[in-house]
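Asker: Since the structure of chain W is already known, use the hints to place chain S on it.
Spelled out from the first residue to the last, the chains are:
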Amino acid sequence: MIQLLGAIVRGLRSRALLSAGSVLLTALAIGSAVLGPVFSEAVTNSYIVTRLQETPAGLTGLSRVLTPDSTSSVEQAERDAVAVADAVNVGPWAPSVTTVESPRFMALRGAVRFWARDGACESLEVTGRCPERVGEVLMLTADVETTGATLGEPLTLATFEPVELQRLGLERPGLDQVVVVGSYDTPRTDEDWLIPSRLTKSNEQTSINGGYQPYTPAPFITTPETVEALGGWTVRVDTHLSIPADLTPEQLDEAAAAAVAVPRDTEVEVEGGTIRADDTNSLADVVEEVRFQQSTARSSIAPAVLSLVLVALALLMRLLNAASELRVPELALASLRGVTARRLWGLGLAEPLGILLIATPLGIAFGMGLSFLLVRSWLVPGLPVPLPWASWVAGALVLLAAFAVACVAVGLVVRESLASQLSGVRRPVAARRWSVIAQLTLVALAVAVLASKLSASGPGEPDATDLVLPVLLAVVAGLAATRLTAMLATWWTARSRGRSLSGFVSSRAISRRQEGTLVILPITAAIAVAVFGVGVYDSAATWRTSVAATVSPAQTTWATTLTLSEAIDLTRKVDPDGDWIMAAGSATNPGANFSIVDSSRLERVATWPATWSPGLEVGQVVDDIRPAGVVPTVTGKRLTLTIDNQAEMTADLAVEVRFGSRGGRPLKAYLGPFPRGEQTRSVRIPFCKDGCPLEGMTLGGGAGTNTAMSGTLRLAGIEVDGAPVDGAIDGAGWTPTPDPSVRTSIVEMTESDGGLDMTVDTGDSVGMARITVGGITRDRPALAGPGVQQRAIAKLDEGFGLIPVAQVGEIEGMPFTGPSGLLVDYSSFITDHSVYDNLVTVRVLAREGTPASIEAALSEAGLTVGTTLAQERHVLDQSAYALALRLYGVVAALVLAMALAGLFVSAAVQLPARRRDAAALRVVGVPKGAVMVAVVRELAVVLGSAAIAGILAGSLAQWVVLRTITLGYADDPTTPALVAAISPLRLVVLALLAAAVFGTVALISASMTVRGARGATLRESAR
Amino acid sequence: MTVVVVGGAVTVLQFAEAAGTSRWLTAPLLLLGAVAVPSIGAELAVARREEIGLARLRGIHGLRLWRFLLVEPLLAIAIGTLLGLAVGAAGTVLATRTWLDDTAAALQQPALVAAAAIAGAALVIIALSAAAALREPLAVQVSMRRRPRRATTVAVFLSVLVLVGAAVAAYRSRSASDEPDLVVLLGPALVGLALGQAAIWVIRIAARGLTPVTERRGMGAFLAARRLARADDLVTPVRLVVAAAIVGSLALSGAVSVSSWTRDQAGVEVPGARTIDATELGAVGAVDLTERADPEGDHLIASAIVRNEERLGERRAYVDAARWDAVVGDFYDGTPARAASDAVDRLSTDAAPLQVRGDRFEVTLSGIVVPAVRSINLPGEEVYSSGGGAAEVTLTYVTTANASGSVAVQLVTPGDGTPATARARVRECAQGCTVTGLEFGRNDEGVIDDSEFVVLAERLTLGDTDLLASTWAPDPASVQAVLNNNFIRGWTPPGSFVVNRTDGLQVAMLPIGAVLDVHLDRTGDAVPVLVAPVDDEAETQALDLGGDDRTTDVIGIGGSLPLVGSVGVLSDIRTSAAGSGPTVPSAEVQIVAASGTPDAVLDEVAEATGTSWRSSGAVRDSLGETYGGDQSVAYALTALACALVALLALGAGVARHLRDYRRDVASLRVLGISVGTARRAGRAELVSLTVLVLAMVVAGGWLAVTLLLGGLPLLALPVAALPLDTAPHLLPLVIPAVLSAAAVVLVGGRARAVRASTTRPSLLREEDQS
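Going down the list, the sequences are from chains W and S. When the letters of the first sequence are read in order and numbered with our numbering, they come out as residues 1 to 1023. When the letters of the second sequence are read in order and numbered with our numbering, they come out as residues 10001 to 10770.
If you are wondering where the hints come from, they were derived from the structure by calculation, not from laboratory data. Glycine residues also receive a C-beta, built at the ideal position from the N, C-alpha and C atoms. Take these hints with a grain of salt, some might be off.
What the hints assert, rightly or not - Derived, one-sided and incomplete: chain S residues facing chain W with beta-carbon distance under 10 Å: (1) LEU10057; (2) VAL10162; (3) VAL10164; (4) TYR10171; (5) LEU10186.
To be verified - If you anchor each label on the Cβ, the simulated ranges turn out as follows: (6) S:GLY10297 - W:GLU289: 51 to 59 Å; (7) W:GLY591 - S:LEU10074: 48 to 56 Å; (8) W:SER420 - S:ALA10132: 32 to 40 Å.
Isolated chain W (complex conformation) (with noise of 0.2 Å):
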């Protein structure tokens, strides 16, 4: 025993790095498995946390009424309330705060409630001092300026009550009037009061059928004797959740239980009185959505940590038979001794148990410590490091398939015909018919996974093949890399015999060494591992910006009541340059939302994810919706129009102007006669001291009406306060007005000289000259979404305040609407078209960076922060599933350290073998550099075909399961689509990154090894 513990160390010891590096991939395998359940138990831990943190405790929290008996004084009800709610809260619940309330009162012209709490005062920001005699009260701020109290002074409660409020059938109190002592503020957050909202008052309201909701004041918080002395008291117990960061989703379903412990509809009798649970509490719900997600978090890491596990598996398998090759005649002089078969495999197994039982108690350190960290640095702080079963189950699986490895390593080894052990070189072997059936079915399996999921139909459930696919791939990835070089490598050197020596002994050696090929296999599944982790964590970032995106389209958005034109001004004149701030909006059509948006600004402004158009520059998106023509601004007070009339008429020619509306009025100017002639006529535009659009004019009789014309027209200036406006005509894209209800005498119209040219004819009948600017068209421009539907599309028209369009192109997102909106500019969907405001919902969008001077002349417009894309971001990722996909960012990463550890181990285990062969050829007179080139050229292309067939094989996972699995929410029709793309930048950047890791390694070897290549190597080994 002893002397077999000796052996082992020894062989460790003379074996080192490559013991070492058997030693690290083993933990980091145990390490991963054990990592694993770990994460994902602690994500679902964490989501669980935030999710409730995020939650408004009224949602959360119990509120329960405790009617008392009659003869139970305040403090033996609050006594009793407490014990009751403590009795039924089974799970994580904080105290229990009892409030005494009075019932509703007939007074002040409304229902008034008093209410008695401890600690109320401490809770509440209060101005003036805490009520302790009975009779004193608090108010509410906003209602001692509606019921005129004065603090300190009584308010009397008893007044002139209205007959509907008569009717409801209240009391009247038992006080006559009570003292302000003091007003609060309603809480802002649910820290203290459960429900804040309870905390204010709600104006008298009469609803059209009849309701009748009287004015009722914020509860007068007062003292429980106060609200004794009035009668008829019910004790309030809330209860808020506590939420410890320890939260477990078992802990979850108890208290959702207690949640409904008590029921809201019916009274119970408990001691002390009856008890009703008055709240809105709906933790079943939440734990449903937490049910969810656990379920999503677990499936979205378990392929992570399964590729992790199989690549650190394969990497050991080729470190252990590389071990056990180097022991070859260590076996084989054992086996010469007579040492028996079972004793020779008690030898050969007895160093790769070694390495196991090293490596255990690493691995799980590692993990753990893993765990630890990532915990620590991305879930909520506090969050206990569970350590599920499945952690060691996984672990002790690892364990034994390395086992399995090590004893796959030594058969190969053992199983070795003596000969073949004791003879110096060796040759390659024909591959054995169960591996190459193994490796057959490992390729039918990929091949018939990867056709079903390519001719699947769209996303469903992920299910195992989802799972299996990436390492699938990888695997047969590798495995066909290493045929295909080797095959290569066999066909260049039979080729290349009487070309360049260095050529042919680089492909010789691929060909013939088979050591140099079977790197090959780990590295291609790491790569296409990580190719994968990082695609699918890449592309889930890119989707959740995309969603956010959809939110709020820049940096900050502004929410604001204004109209569309209103915040279209607005922003213009806050800043004039359009650096920083556009306006946008949405408006609501089933089958077809509009997304309209201010598109000069857009690309300055606006954050576009490049998911949205595949292929299109923002730039282009803004050139296909832009109308063909600017809406010229009129800034002043008088316009003046000439106009060269030389048209038959029956009446002199009329001119109304449009200049958009104000607040749902339209503004236009009339200017008139014109007759035959070139005339100048000039008219009054108060409302345009500020500027305002100029849309639209008619040219036709009086006010805008038919007229008999036939002719030319002419319009030869637009002219502001006696300056011509600027792009009034040149530029601003004058068209008849393209709509089909007008009609139109127009024959031609075109632009000459700075002037418009109009030839109208109305025949026998009449008609009017209607024009539009801003090249408006029938069928405005608009991009349209995946999800409009063409019916829709059809359906539009002007009459409802929309606008038809004719579909330029499709995008896949697009502000507020995502993919079901169409796109549209500002001006098509305005002007000279009515519009109903309050179709549209505005908000005003800030770029990063936008200056303090204009946020503050939004907020002073009385514009809000709506929300901002940080916020957005937040919430998507901290869903546990985006926190699950973080798992994948480490999977690439450790995949990748354990490729270039164990392609470090094994070029050092080849280095004596390699410097045997330059040796060889050194002593037979090839050049030095001939060598050296013919091992860079070696390792370059069996490295290089491992990277491209990895990053192929990573590639085309990515692209597969990415099109058929959800990668978080996808039930509203306005979430964008998950784009499956690969992003050819990443690949270019990871090929290069393979190349220049691989070629330092290529060359570092080759001059080690031509460097230590002497003759007397060869002599060495002789011995």
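Answerer: Just chain S now, with coordinates in the frame of chain W:
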């Protein structure tokens, strides 16, 4: 072979196109073809080995050799494709005429493309096998005997691929809930081929194991075992036979389960032999019609279904429960709906719609508390007066044509209590109508008046029916509407609005123009219902024919109910009609006739409804058509073509090897083994093959049905329908098994039928000479 594959593919493709089903239904056939064609190609190449060898000996190489090799198969494939197209066109016409309503065009573009693709693929495959034959060493090519060789890597890969593909298909078809993908659609053929492969392995391994054992058991058994272990004339085609039979089992099982589903579902929807649509009449009209046409209640029953597939909570059906036992009786025996059917007669209650006939509505009112006349002086000396006992009584009803109608009379009740009478004509009720309610209102022409006004209806008749014989109750909704009205403030509602007195109906009027709805008193008559719940805890609500809520009395819960299927509420038509508005437009009213209904009765109903009777079979057919029952036909066509492919492969194998076998027997005879022994050996070989095929097809079919049938797109099941039974059944498994075994026996018997004259040892000599 090309003819069969192309013809089958074209037929199935066009049929699928015409029936609107997935084109990929041909996938199993194509796969089997792709397996069969190379084996034939390989055989062809092998058969021509000698030719090739000779050609090579004569110095023919390169392009000339290839041309020499490929011209023959090219011609065969071209002719085969053309013939196949013709067969396919004929098959399409035949199949669509038989199973679909209209005949599809004989040939369309996709089918042509598919045929071209098949031909191309066949050519490529044959070229590949020819290449394989070419690469053999010359010595092997010119040698007389073939020895079993190790499978090439490609062959191993393909069989592994089939096995793995079958496993993936099985997994995906069980786990994936969405549309089936290509692998799932290929599943039947994959599983079939995999099991065929397994069958071959079983034979080979068993035979190899048995060869030494049988050595001691006599020559016949030894010969049989050895042949099974080494020769491939009968064994190799077994793979295709088993595969085709399993595809057949699946298709047959699918067809059986689809037809049993349509039968059961038709039974659920039509509880009798024939049905007629009576939606025009409304449910009550249909009940009346059955009463008229079949007064004894032995043959006809009315029912109404409100499918509501979007809102399953309101899915419901009504039956004339009183007639159920007599008309439907044991119709549902042996189906899942039997328990519910037995409970239907308990749905019937005493409540019945108040049906009246007469064309004169007469009202006599006397005032109990009558408000004074109010006069308002309008500008211009005009005086406007209102109130003073002016009242309006309206009768609402549903006519026999399922339309709602109303008739109103206005009268002024004097303040002193003298009765006032008014009458109106109701032509619509001359043929009978169902009274749904009364409305009492002041006739005060819009003047706000909330003074007390109580009347006593002393007489309320429609024709000869005294409406006061029924009990009336106020509609709380109409009272609530007034209480919610903002314009009426300070009005105290009276203690009771309606008092059913012996001398009449006392009604307190609502203020202003509000109308008090009075309907037949239904308190206490909860509607008994049978429920098939949406999910386990959902509450059910009985709705009357007009869709209004009624109090519910759940008398039974079942998983499958007549008429509604697996989700819905079943209640009595008469109970639900009492006081109900007209039958909702979405209701499908039908009258069902039991088998054996006299023609006179049927004709009367047909005349009254203006539509025609549909038999239960017609309903079944339309169900199959609506929900894609044609898929199973397409599958069956595919299976048929697969079977032909397998038969051809078997036949081809036998035909080619017949000469070899005779020569073998001749050699045996040289060694002194009698023809009889050879025959026995052949028979033993055949019997073991047949038994194996039988067992394998039954077991494999069972496995394939269990694994795959649930995932195949057989039917687009409607909401709330019965579930499709995809469990394996014995008969559909045994029939293909017996057929395939019979094929093996017949074709194999032909192969092993050796006559003494054709196996003379001189045969060997002749051959050497040639």
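Asker: All hints are to be evaluated individually against the structure, with a verdict given for each.
Answerer: For each hint, the structure was consulted:
Annotation: S:LEU10057 was flagged as interfacial toward chain W, and the flag is violated, the nearest CB pair being 28 Å apart, outside 10 Å. For the restraint placing S:VAL10162 at the interface with chain W, the shortest Cβ-Cβ distance is roughly 8 Å, inside the 10 Å limit, so the hint holds. The closest approach between the C-beta of S:VAL10164 and any C-beta of chain W is roughly 4 Å, which is under the 10 Å cut-off, so the hint is satisfied. Here the hint on S:TYR10171 is kept, as its CB sits about 7 Å from the closest CB of chain W, short of 10 Å.
Taken as an interface hint, S:LEU10186 checks out: its beta carbon lies about 8 Å from the nearest beta carbon of chain W, inside 10 Å. Distance hint for S:GLY10297 and W:GLU289: a CB-CB separation of about 55 Å, consistent with the stated range 51 to 59 Å. Here the CB-CB span from W:GLY591 to S:LEU10074 is close to 55 Å, well matched to the stated 48 to 56 Å. Hint check: W:SER420 to S:ALA10132, Cβ distance near 33 Å, so the stated range 32 to 40 Å holds.
In the structure shown, a violation is registered for the earlier hint numbered 1 alone.
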